[in-house]
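Order-wise, the sequence lines are chains L and Y.
Using the numbering used here, read the first sequence as starting at 1438 and increasing by one per residue.
Using the numbering used here, read the second sequence as starting at 8 and increasing by one per residue.
Just to be clear, a hint being listed does not mean it is correct.
Partner residues aside, some chain L positions facing chain Y, computed with beta carbon under 7 Å [what the hints assert, rightly or not]:
#	residue
1	A1510
2	W1512
3	E1531
4	T1663
Below, a list of computed lysine to aspartate or glutamate pairs in the DMTMM-like style, where the Cα atoms sit at most 20 Å apart [unchecked claim]:
#	chain 1	residue 1	chain 2	residue 2
5	Y	K17	L	E1727
6	Y	K17	L	D1642
7	L	K1811	L	D1712
8	L	K1811	L	D1735
9	L	K1638	Y	D51
10	L	K1705	L	E1727
11	L	K1633	Y	D96
12	L	K1705	L	E1674
13	L	K1485	Y	D272
Covered stretches of chain L (in silico footprint by chain Y; criterion: 3 or more residues with CB under 8 Å from a CB of chain Y, positions within the stretch not fixed) [unchecked claim]:
#	segment
14	1495-1502
15	1513-1526
16	1647-1660
Think of the hints as simulated: they come from the structure by calculation, not from any bench.
Beta carbons are placed, not taken as given, at the ideal position from N, Cα and C, and that holds for glycine.
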Amino acid sequence: MNPEPNKNNQKLVMGNEAVAMGAIAAGCDFFAGYPITPATEILEEMSKMLPPRGGVFLQMEDELSAIAAVIGAAWGGSISMTATSGPGFSLMQENLGYASITQTPCVVVDCQRGGPSTGLPKLASQGDVMQARFGSHGDRPTLVITASSVNDCYESTVFAFKMSQKHRMPVILLIDGVIGHIREPVELPPAPPPRKATFPKIDADSPRFGDAPFVPFGHGPVTVVTGLAHQSNGLAETQKGSHTEQMIRTTIENICRDPEIIDSWALKYQLDDADVAIVAYGITARSAREAADLLRADGIKAGLLDLKILWPFPNEILRELAGKVAAIIVPELNLGQMVLPLKAAVGGRVVVHSLNRADGTLLTPNDIAEFAAKQLNSIEERTHA
Amino acid sequence: MPKLGLNIDKYLRTQVLPTVWCPGCGNGNIVEGLATAFSRMEVDPTRVVVVGGIGCSGRTPFYVQTNAMHTTHGRALAYATGLKMAQPDLTVVVTAGDGDALAIGGNHFIHAARRNIDLTVLLYNNGIYGMTGGQRGPTTPFGSRTTTSLAGNIERTFDTVEIAMAAGATYVARTTTFDMQEIPLRIQEAMAHPGFAVVEILTQCPTYYGSLNQLGDASDMLIWQRDLTDGVPVKMLNREELLGPLRTGVFRNEKVTEFTQAYSDLCSQVGGNYGHN
Ligand SMILES: Cc1ncc(C[n+]2csc(CCOP(=O)(O)OP(=O)(O)O)c2C)c(N)n1
Ligand code: SF4
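Please work from the sequences and hints to get the whole structure.
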């Protein structure tokens, strides 16, 4: 995460640029978006990179149409993506649900800003973590990936595309204004040459939805796609939702069982002998790692669980952690949103302390270390009293 | 059902019939016109995508035996734009209601027209929100009764043709479900037109618009449509002839650089090869 700046082949790259480079590396050949701080550089980068590759860049009239065009393009055979920030992400929610029910692979980047509303356009926030999970109406499978460095922006984007195709679903990459705008020295591979997406051969009777592979229009037999509940052949079923319910349940199960997702769920840092665990994600995980070091220097055995995938929530990993540590500290740039699933996962077996702020200011390593030390002291005072 | 010497069954998804539409609804006439146009043009169903919005009209894609994409309310044109850009050699036809295309989706309508992207839009104008049970919409005639304007609509009415032309559509026509022979002709012209083509089709909703405004049954409404449009003959009308808001015919048919072509040219300029899908 902190490579020396002047090594060969390293370049100073901005987080948002790394997202665009990751997308190209993953084969993305369609981008539609609408300008919005702090995500705009992704749009601008894609507008430069796609035309020379014969890929499509579209600046749409709003975010409603940007995500709609992205889904339409996926059904046209493109590997497609959009990027936005809170206000635009709110506008995308209905069509995100459409991508879910139609099992459409695509990637949506939300470079978070402070909210609600226009809020704090340029400042750091992690206010959309619940919206990313529950923002669209109805139940649906969600996969939400985070990044806490420029290198992560690249890797997480590549991973997001891979998972969106593997599980036929929209995947959300959640970054924030600071990660999006920070510049770090990284060594990223050169862009691969443009490649044509290929799709499996199916015949007219083959199922199109559920466990079936994704085959876009024009790449196989006539296909029906609808946002109404439907059977595996695509035909609408408005009196019975059981096929759609099953499709959603199966996708959720498949994600939770996927070894690639299990392996990427969370990074453990100095947790083996830890008495206190900091559970953090995104930009905050970066401060939290240093906070763990500061605490250790003061003789407090602290470690970090860095959540790389927020949704589905890694319940098992937290349950396991709860049996090992005396306290969990959750620093976040919102009013304590991820504390809710975390408390549910640990089920009262360990105290959970929320350290949160939503004023656009980052939590520093010191903020987190001091808070953690204070909580530990008060636990000790209570046990000795 | 042989029609005009053609067997259009091939282009109907007969397994899902009957439709959800009410008896006497004009939408069936439009589906027949669409299938007739497909049949005359002998389109390959795997190379055509019919994209529908949400509304009674938006269900059309289910009933024609081509690829079908039934999208979200108002957004059909945005989905269709992405789809067409991704695979420019697909033929993309959009079916949307007046509420879908001109109220919730009005922004996408004017911007798709502005781009002049090669899409054919069939705008079903029944002057009311059918699917949700007869509320007023942007094309509800002044004074008409709907479930949300029982004392008469006080809002002014959009003229689809004027909007389409002002926004830059390069083929613009209007017809009615009374003019059954004309519908497939207009659709064929629109599909053959390389650019953004709008065919507004006045269609009857006897269930809500008809009953709330005492217009009688479906056949009475067809006569009403004929009289409303005053039987203006099908021909290229000049600007002076367009003054009546409900003239039918072809209002514009111009060749202007089409958007996927412009995009392809842009890619070539910077060394890219677009449209390789
Ligand atoms: C976002 C959203 N808002 C509202 C609705 C409810 N709704 C369904 S169809 C419709 C209007 C239908 O009227 P129109 O577009 O004119 O089509 P018609 O049914 O008359 O063919 C509305 C408001 C919806 N499905 N989605
Ligand atoms: S409600 Fe009106 S528009 Fe809808 S199907 Fe019935 S008659 Fe047709």
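Results for each hint:
no.	hint	in the structure
1	A1510	4 Å, holds
2	W1512	6 Å, holds
3	E1531	6 Å, holds
4	T1663	4 Å, holds
5	Y:K17 <-> L:E1727	68 Å, violated
6	Y:K17 <-> L:D1642	17 Å, holds
7	L:K1811 <-> L:D1712	14 Å, holds
8	L:K1811 <-> L:D1735	13 Å, holds
9	L:K1638 <-> Y:D51	18 Å, holds
10	L:K1705 <-> L:E1727	14 Å, holds
11	L:K1633 <-> Y:D96	16 Å, holds
12	L:K1705 <-> L:E1674	45 Å, violated
13	L:K1485 <-> Y:D272	15 Å, holds
14	1495-1502	holds (count 6)
15	1513-1526	holds (count 4)
16	1647-1660	holds (count 7)
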